[in-house]
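Take the given structure of chain A and dock chain B to it, following the hints.
2 protein chains.
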Amino acid sequence: MPRPKSNDKPAKTPPGKIMLSEIQEQPEAIARLLDREYLPVWEMAKSWRETPPRFIFIAARGTSDHAALFAKYLFETMNGIPVGLASPSIASIYRAKVNMEGALIVGISQSGEAADVISVLQSAKRAGVDTLAITNAGSSKLAAAAHQVILLHAHPEKAVAATKTFTNTLASLVLLSAAIGDNTRLLAQLQRVPQLIEAVIKDAAQIQEKVERFRYLEECVVLGRGYNLANSYELALKLRETCYVRAQAYASPDFLHGPIAILEKGYPVIAFANKGVTLFSVLDVILQAKARGAEVVVIGNAPEALASADVAFTVNVKQTVPEVISPLPAIVAGQFFSETLSVLKGIDPDKPRGLHKVTVTL
Amino acid sequence: MPRPKSNDKPAKTPPGKIMLSEIQEQPEAIARLLDREYLPVWEMAKSWRETPPRFIFIAARGTSDHAALFAKYLFETMNGIPVGLASPSIASIYRAKVNMEGALIVGISQSGEAADVISVLQSAKRAGVDTLAITNAGSSKLAAAAHQVILLHAHPEKAVAATKTFTNTLASLVLLSAAIGDNTRLLAQLQRVPQLIEAVIKDAAQIQEKVERFRYLEECVVLGRGYNLANSYELALKLRETCYVRAQAYASPDFLHGPIAILEKGYPVIAFANKGVTLFSVLDVILQAKARGAEVVVIGNAPEALASADVAFTVNVKQTVPEVISPLPAIVAGQFFSETLSVLKGIDPDKPRGLHKVTVTL
Chain A
1 MPRPKSNDKP AKTPPGKIML SEIQEQPEAI ARLLDREYLP VWEMAKSWRE
51 TPPRFIFIAA RGTSDHAALF AKYLFETMNG IPVGLASPSI ASIYRAKVNM
101 EGALIVGISQ SGEAADVISV LQSAKRAGVD TLAITNAGSS KLAAAAHQVI
151 LLHAHPEKAV AATKTFTNTL ASLVLLSAAI GDNTRLLAQL QRVPQLIEAV
201 IKDAAQIQEK VERFRYLEEC VVLGRGYNLA NSYELALKLR ETCYVRAQAY
251 ASPDFLHGPI AILEKGYPVI AFANKGVTLF SVLDVILQAK ARGAEVVVIG
301 NAPEALASAD VAFTVNVKQT VPEVISPLPA IVAGQFFSET LSVLKGIDPD
351 KPRGLHKVTV TL
Chain B
1 MPRPKSNDKP AKTPPGKIML SEIQEQPEAI ARLLDREYLP VWEMAKSWRE
51 TPPRFIFIAA RGTSDHAALF AKYLFETMNG IPVGLASPSI ASIYRAKVNM
101 EGALIVGISQ SGEAADVISV LQSAKRAGVD TLAITNAGSS KLAAAAHQVI
151 LLHAHPEKAV AATKTFTNTL ASLVLLSAAI GDNTRLLAQL QRVPQLIEAV
201 IKDAAQIQEK VERFRYLEEC VVLGRGYNLA NSYELALKLR ETCYVRAQAY
251 ASPDFLHGPI AILEKGYPVI AFANKGVTLF SVLDVILQAK ARGAEVVVIG
301 NAPEALASAD VAFTVNVKQT VPEVISPLPA IVAGQFFSET LSVLKGIDPD
351 KPRGLHKVTV TL
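From first to last, the protein sequence lines stand for chains A and B.
In terms of the numbering used here, the first sequence opens at residue 1 and continues consecutively.
In terms of the numbering used here, the second sequence opens at residue 1 and continues consecutively.
Quick caveat, the hints were computed from the structure, so don't treat them as lab data.
Treat each hint with caution, since some may be false.
Just so you know, same-sequence chains aren't split out, so a pair can sit in one copy or run between any two.
In silico DSS-like links for lysine-lysine, alpha-carbon gap of 25 Å or less [as the list claims (entries may be wrong)]:
(1) LYS265 to LYS345
(2) LYS17 to LYS210
(3) LYS97 to LYS125
(4) LYS158 to LYS46
(5) LYS290 to LYS275
(6) LYS141 to LYS202
(7) LYS125 to LYS275
(8) LYS265 to LYS351
(9) LYS125 to LYS46
(10) LYS202 to LYS17
(11) LYS275 to LYS46
(12) LYS97 to LYS345
(13) LYS290 to LYS351
(14) LYS97 to LYS275
(15) LYS345 to LYS202
(16) LYS318 to LYS275
(17) LYS265 to LYS17
(18) LYS290 to LYS265
(19) LYS351 to LYS97
(20) LYS46 to LYS97
So that you can see chain A by itself, here it is in the shape it has in the complex (with noise of 0.2 Å):
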């Protein structure tokens, strides 16, 4: 029987702060992973560059998820390639033959040990289809299942809610695509990421001192669009799994497509408002949310959503930000909320009730 590995090391942080010491190490963890990263997936993109993928097809459960939801802007808008999410029943369970001729499979998994998202890679794998691994443990069993490998190197995760191996996951995703597309100008933008990530630490007590309000939340919705939809979603679950809020996302024109039904007054929608070509739409959910009286918080660099809000979290307003970087440095100030609010609530946010790191999916 092998030896059980281990990467616990001796804790450098005292307990109940670990999430928070990992939210504060991620400026960090993005500039490693662009060190480590930028040359071999430049070298392992160059086939890429010249025959693009037909299509993306991507494999991935939660939080890594919401990344690939993420990438589906990022490789259709900035690649021009069609991106499918992968529902991984299809290959674990229908067992179906699915022709993915010309096609990048590719699955997210920072532990590398979600079941199903290592048997879409298998499938495809001995179908002959280019495979590519996301995942911050180079060991795992999702690294040797794909043909290329694109690792984290986040550093071990120990709280149970993902929040640096969810931002280096969005960043390694960026550098793919600019990989391909032999885009310098993304890649440049990319390259700040850490910078505008550390201005939002420095001014985290802004996000801080406004959660108090929030102590008796016991739901809300999270909405956002286009780069920004993977943010909502990637909030809602943090604020399900720290705080055990009922947190809904929603891309702002599905909201209006019956749930807005929901509305009452005082009822909290949260948005992530960030300068670019979606924020028309984003402003607009928020204006028929404050005719029906919500409150509406909004986290972003848009001024005119962070004037019209109740409460308002800004992020980077004194820098430019291309949308298509904009929800690296927001979510963080999504993570610095959800952080706050499970102390607050007296919860652990390190451990929350019922949840393990390593969700095994049969």
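For chain B alone, kept in the frame of chain A given last:
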């Protein structure tokens, strides 16, 4: 100025009974669809039988997007064709040029007026890519924008909450899958759907009499997997729209990745559990929910799951129902549940607050 058109005919149904009446029309509506569209769809699919699309991209919002999720499982499993769900804003807002060579782009909208879905079809058609509209409105912009049209023949749907257009959309997708795959067995299974739904309607009292228990239901989760995952999203939307219940849908494995933390003693978990290869996964999450003291409500035909439920809504337990068509009768049980609960809560299910039948997405 053009004279506004109206589809309104004198209502045969008393006010407050429109949704109920439309639920009951479903066997007839599906039979009409199959009768009118069987030959045109088989003819339309001739070239796809010879050369299947390399992949299918589907654009849809709201209820139609749930049908698109069903279509993903359907075309991948039955036809081996990869399916992606289009993010309409990538065409309508980001104006990205995505390489859709060899693809089939499907737009679904019962009203045919969803502006961003129309925009996806228009830009695909301009690029010379095959397009197909699935709509209940033959003279709509969506129908005009596509190379091919499948008409739903559901007759006008007047209640705000979609019922018969949802099941007719699922049926039209199964018809298309059978036509592409020359799958006469699947066609024969589809032809049984009207009688399976008829059986649910005859047995509706069984559902309605158990709804009183849920008079004060304020929130719940709705779970499913595979072909039945779309039903979870659809029932959650019906409960939000018509009952103002904060219902949240999850694929059963995704629920285990974090959201399960929300469970506490007595928390209501609704699960679709039909016989088939995904049943073990739904049973697994039912057992985990029960172990945490959740109240488990099961809708479906799987005896093991029904037996373990606190409240069981049985659907076609006496018939043999292939998993691929099981969502159609099962969602009808969910529609009865929503409509009955809405009335019990003193809400008008035909006119929930703040919703319009056609939502224009900017």
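Problem set entry | Violations among the numbered hints, reported as their numbers in ascending order | 4, 6, 7, 11, 12, 17, 19
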